[in-house]
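Trainee: Line order of the protein sequences matches chains A and B.
No gaps in the numbering here: position 253 of the first sequence is 253 in the working numbering, and each next residue is one more.
Every number in the working numbering is 1000 more than the matching position in the second sequence, counting from 1.
Do not rely on the hints blindly, as some may be mistaken.
[What the hints assert, rightly or not] DSSO-like mimics (lysine-lysine), calculated; alpha carbons at most 27 Å apart, straight line: (1) K1171/B with K250/A; (2) K1134/B with K170/A; (3) K170/A with K1146/B; (4) K1172/B with K250/A.
The set of hints was computed from the structure by calculation and includes no laboratory data.
Just so we're clear, the structure is a prediction, and the values are computed from it rather than from any experiment.
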Amino acid sequence: MTTRLALGQQSASGARVLHLPADDATLDAATLEGYSKTRRTQARRRKLIRGTIGIAGLLLLWQAMSWYYNLALILPPPTVVLRDVIETLLLIRPQPWLYGPSIYQQLLASFMRAIAGFVLAAALAIPLGLLVGRNRTVREYLEPVIRLLYPIPGIAWIPLAILWFGLTDKAVIFVVFIAEFFAMFFNTEAGARAINPLLMDAARCYGATGFTLVRRVILPATIPYIITGLRIALGGAWRMIVAAEMLAAKTGVGFVLMQARYQFRAADLMMAMILISVVGYGTEKLIVRTLERKTIGKWEISQ
Amino acid sequence: MTIPRPRLSRRAFAGAGIAGLVGITGLGRRAAAGSNTVRLGYLYPNLTTLIHGIAKSIGAYPKHNVAVVEQRFTSGQTIEGVQDLWQGNLDLYFGGGPEIVSLNSRAIESGAPAPLAVISGANAGHTSFVLSTKLQPKSFDDLVGKPLRIAVSSPSSDHLALFRGWLRLDKKLTEQQLGWQFLPLEGADMPTALLTNQIDGFLHSEPTTTIALSTNVGHLFMSAHAGDFGPASPPMTFLMARRAFLTEHPDAVRDFLAAIFDANAYYTAASKAQMIPVISQWSGTKPELLDMAYPRINPQMSMTHAQAEKWWNYVGLAMVASGQVSQQVQPFKDVFELQYQPLPPA
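The following block holds chain A by itself, in its conformation from the complex (with noise of 0.2 Å):
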């Protein structure tokens, strides 16, 4: 016999059971949209208390382990140097600012830096992906110059950068821009490619030619694919941009970290990396989602 559980409720078993009255031939849209309503609402409390969850234990394993291990010097516990992002944030710190300009100009020299190299990988690397993956004869050309470089860790190109352009903002958004790159141009290639020649037919026999299949039709089916290469490309450029910080600049997020390190500041190197780590979460939400509503959403694309 099956007992009967109101909309998303639990079973004994632990399964949700969507059960239907017999009679019900047709559910009406409303109490469809009322349980997945509820799902989400549930989902999103699961998310958010298993993250928490998370986030405590560790924040717990790091407290007891710096207390234990009376590892201060080392490892600062979180309530250390979560004051001291605080207090950093907030320009109240006791102890004296070491790191020349403010928190707020280190993080705003970052951003720039990250955001003009992520704007040239995207304007060279989504046009390119565009054309190496639809144009067999570029493809024959390029794609084994790309994939020759392809291998070199963005961190290779620092000292080749700094030969180029010297100790300026330069040298670190060119490395930016190299460590982007590749991630743009292989996601866009590989959306290129995999677009259904059905869908490239249809348009053509209705009449679509060069930009207006570009428009209409390659750029929609390859959005997804640019956007997962933008996500990752983002990531990767606020790491590097760390890396060419430390080596080759004289403001930034990087190069506080490098301060920090040489006066032995744990809790201010820590506090770097949370800010890094915020900025860089914020960034994603603020470029990628915004262009993925613009974009996937618009047209209602579904990935």
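Using the hints, position chain B against chain A.
Mentor: Frame of chain A; chain B shown alone:
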């Protein structure tokens, strides 16, 4: 037919584990029992640690019954060396200077005692301030407020620390008033960066200075050797020790320093012609360059109370004033332990 797999019983496995541990512990004991074994970290190839090279070349360590286990760090890796010393991977570390004060300060701020001590110092007066040949100021005051890019080997460079001390004490200026940028750059890259106009000058020692001078990319604007950073410049490269090691093996430290002082005596007595091949082999620098650099090289290691006091007044107090070092740090309680040197009584 199945072949039985040879199996290690639990008891045999545990026995082997215990035997291994006992063996390792025994080895450690034997190494310690060999008494004067010193694990020394130092910068190499680097002229600042030349006195250790001389001590090796004249057999001073075996003479004083010291076995030195070496670990080398490249130029600019001073921070790694100090960290290794603090973490117990080394007993002594030769290189850098301001880093030890920063580390001890962090320990004191967290309520712990200072873990490291400076037991001696070398390279008095080895700091040079080289400017690009394109810049020919009449005096230092002409450079104040100009947006100069000056290279230093690391943000905690001892040359930068001396310069900051001189700026604060003698010139009564702050870095903000100066308006310069100090860029971290490997010593070997400084002359090239100067040539390609990526920097306007650098604060470093030999052979970097002579390379820049001999290739005409820079000119010697200020030299600690000539007294431009104040009279009788103190030793700037420190020999540091873990305080735990000083307590446990004071004789090993004394014997090590006795060997170094033998090397000092040898250097004083030796002629330039005798020393240049030794220095060249140690630092990888061409003899022709060393011939030019020789007057600015002084690798001897020795540090008196007065010199330590001078270093503290110039460098240490500048670090305190900038907030890098806590005001709780006392130089002769938390930083210097100079009694292990075979110095005549003051």
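Trainee: Quickly compare the C-alpha distance for K1172/B and K250/A to 27 Å and report which way the hint goes.
Mentor: holds, 24 Å
Trainee: Given the proposed pairing of K170/A with K1146/B, does the C-alpha separation stay at or below 27 Å?
Mentor: Holds, at roughly 22 Å.
Trainee: Compare the distance between the alpha carbons of K1171/B and K250/A with 27 Å, and conclude whether the hinted pair is satisfied.
Mentor: Within the cut-off at roughly 25 Å; holds.
Trainee: Take the C-alpha atoms of K1134/B and K170/A, compute the straight-line distance between them, and say whether it is at most 27 Å.
Mentor: holds, 24 Å
Checked against the numbered hints above, the structure breaks none of them.
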